[in-house]
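Q: Each chain is listed here by its residues.
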Amino acid sequence: MIHAPAPLRPPHQVMRLARFAAMMPTRLSFLRTVLRRLGEERAQVTRPLWQMDAEGIGTAVYSVPYGGHTYSLVAITKPLSAEDRTDRVIATAWDAAFVLYDGVPDAAALADIAANAPLQEAGRMGPRALVLSRANKSVRLWNHVVSSLRAGRAPEPDMLRTGYLMRTTAVYGNGKFGLSDRSDYDTRPGMALSFAAEMLTVWLIRHFTHDLVQHVGQGTLPAETLRALGIGNATGLGMAPFLVSHPVLLHNWMQAREAALARARTLPLDPDRLAALGQEAAEHLATWQVPDPTHQAHIDRLRADWSRAPSWLRAPDPLAAAAGERLAVQELLVALLIEAAGPAIDDLAVGMTDATGPRAPLPQGTDAMRRMLHRHCAWALRVPYASPAQCQRFWYVSANKLEPRIGNRHAEPGAELESPLDIARRLAALAQDLPDTDTPLADFLAQHPHHVLAAQRAAIAARYPYADIQDNLIAATCRPIDLLRAKLALFGATGFDPKSDLWTRISLAKGAPLAADIAQGAEALWLPA
Amino acid sequence: MSGWSWSETRALATRAATGAGIPHAQARLYGASACRHLAAGGDPAALTEALTHPELLTQALTDALIGGTPTHPLAQAMLATDTKDQPRLTVPDTLKDAWSAHAAATYVPESATSRAGAGGAEAD
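So the sequence lines, in the order shown, correspond to chains A and B. FYI, in my numbering the residues of the first sequence are 26 to 554. FYI, in my numbering the residues of the second sequence are 78 to 201.
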């Protein structure tokens, strides 16, 4: 390995949709960090309530200490007809509803949760409810595992490749529908990390699905089988705008990731460890199967490319050795190197949050604003936005479900109600409208108040270089799935299974330690494995 | 009802301001200011009243954002402490209804085209 400090990869290289589309989870991913802490604390998951009938309909409560506080997952299952089982956000009924509760709920709190959680968006949650979620069974695998258990057989390995028994279709936090505000608990140990409460929730949901299938199947699955079963998730456009509307947070996430990589490239990494991780990655790729032939072809090519990994991993700087490889190869290698650095990078997770919100001082004059734009936002100024293809898409919020959607500006109504995800175009418009003569910026913005957002974003870009995705998100070529991939990788997702350019299925905690493992202080897994 | 979270209050207020014609950055400031206004026991009617004069409100909020001296009470609230001094907010139905009506002006009816490819309907 090289021993000189490695520079961070520059934002113009990292903050691109094409690279986002290849991003892999790392040991800094949020789920991984939460599991690491749980393992360090040897947290013991208990089950104070289990009221389930033979078909698995009822209520369960799981409690776990985390960071000096106790949190409980309340799980409520309901009968669901096949025609009502849909992953779409417009669904109104699910197999199971979940709440992560602050403390251990008493009877009154349970009654309140039971009355509201199954309603999801139509219900109202109280201030001790931190996270609200729901899930549907992966029916084929669920039925197979239940029938196998009842017959005293082991489930078929091919069936287990689905990777999860249930799939969440939304995981809400931070005050939605009356939930507790994140700011009410984000100063607690372990909760400052982005989405910590949500990650704790999905890991507990996974544990619940293991218990439930064994209860209904009246049998016991081996721990090895249970570890291979994570919790699925179906994700659509709803999570995409977050990356654009939280620029400082995005910067902090990405800078920490890049700092971890730079640190890893500086450390004298163990060659045997690198080789072992390279083999684990190959084994992971071998099991990654998706139905869509186009996406499967990408995975197949990555598998083939990865056969050359042993030669890169023997090089002094593996990432430099793989510089000519496709982005998918490079990003898998990034995850591997960060993993190989081990605990030496774990402290960087602390910075992956933003407690204060996006703030950066505006320059005094319009000339300074122009210089700021050209120096830090040049990527946005080069695009000919008047070209129909460069402004084809518009993001909006649907009247039906109040969820983000994306439309075709040239074919669909509503573009006048566009959500402000067109940051690049706004930056260019600001640059275009700045006066030739230097003017106090305050005067200019007072006359052009619609440019305040762009001015703020330019100032943020100057202070936080990883704050912006440096692509035109309203171009015809923009694929929302690339935004989802990046955010889900930051969460710690694997098994990306895109169903279109607009939504994907993934697994969380597949291969992760079980509750029993965590109680023994198990080291968390390397997520791509 | 256990009260409103600051997050959902801010989100609805922000969207209402957008629906009333306030630019996005200023609408966010309105949303944050509205929470503080309610937390401080301010008159909820002032929040709806402010939205009936979007140009004046935009100017006041712009002043607050660019470092001027805001004269509008809501903009002044923004310059007050950033502390969240109470966990829940009371949003009267009249205010909720008014905000919801403004917010509705920002929503786009879905079309068959926009739904195409959104998927998720398939079970497995």
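To be clear, the hints were calculated from the coordinates, so they are not data collected in a lab. Bear in mind that the values here come from a model prediction, so they are computed numbers and not experimental data. Heads up, the beta-carbon is just placed ideally off N, CA and C, and yes, glycines get one too. Take these hints with a grain of salt, some might be off.
[Said to hold, decoys possible] Straight-line distance between alpha carbons at most 25 Å, and here's what the computed DSS-like set of lysine-lysine pairs gives:
(1) A/Lys426 / A/Lys512
(2) A/Lys426 / A/Lys103
(3) A/Lys512 / B/Lys173
(4) A/Lys103 / A/Lys201
(5) A/Lys426 / A/Lys201
(6) B/Lys173 / A/Lys103
[Claimed, not checked] Reference listing, derived: stretches of chain B covered by chain A, where coverage requires no fewer than 3 residues with Cβ under 8 Å from a Cβ of chain A:
(7) 117 to 128
(8) 132 to 143
(9) 173 to 184
Q: Go through the numbered hints given earlier and state which of them the structure violates, listing their numbers in rising order.
A: Violated hints (numbers, rising): 3, 6, 7; every other hint is consistent with the structure.
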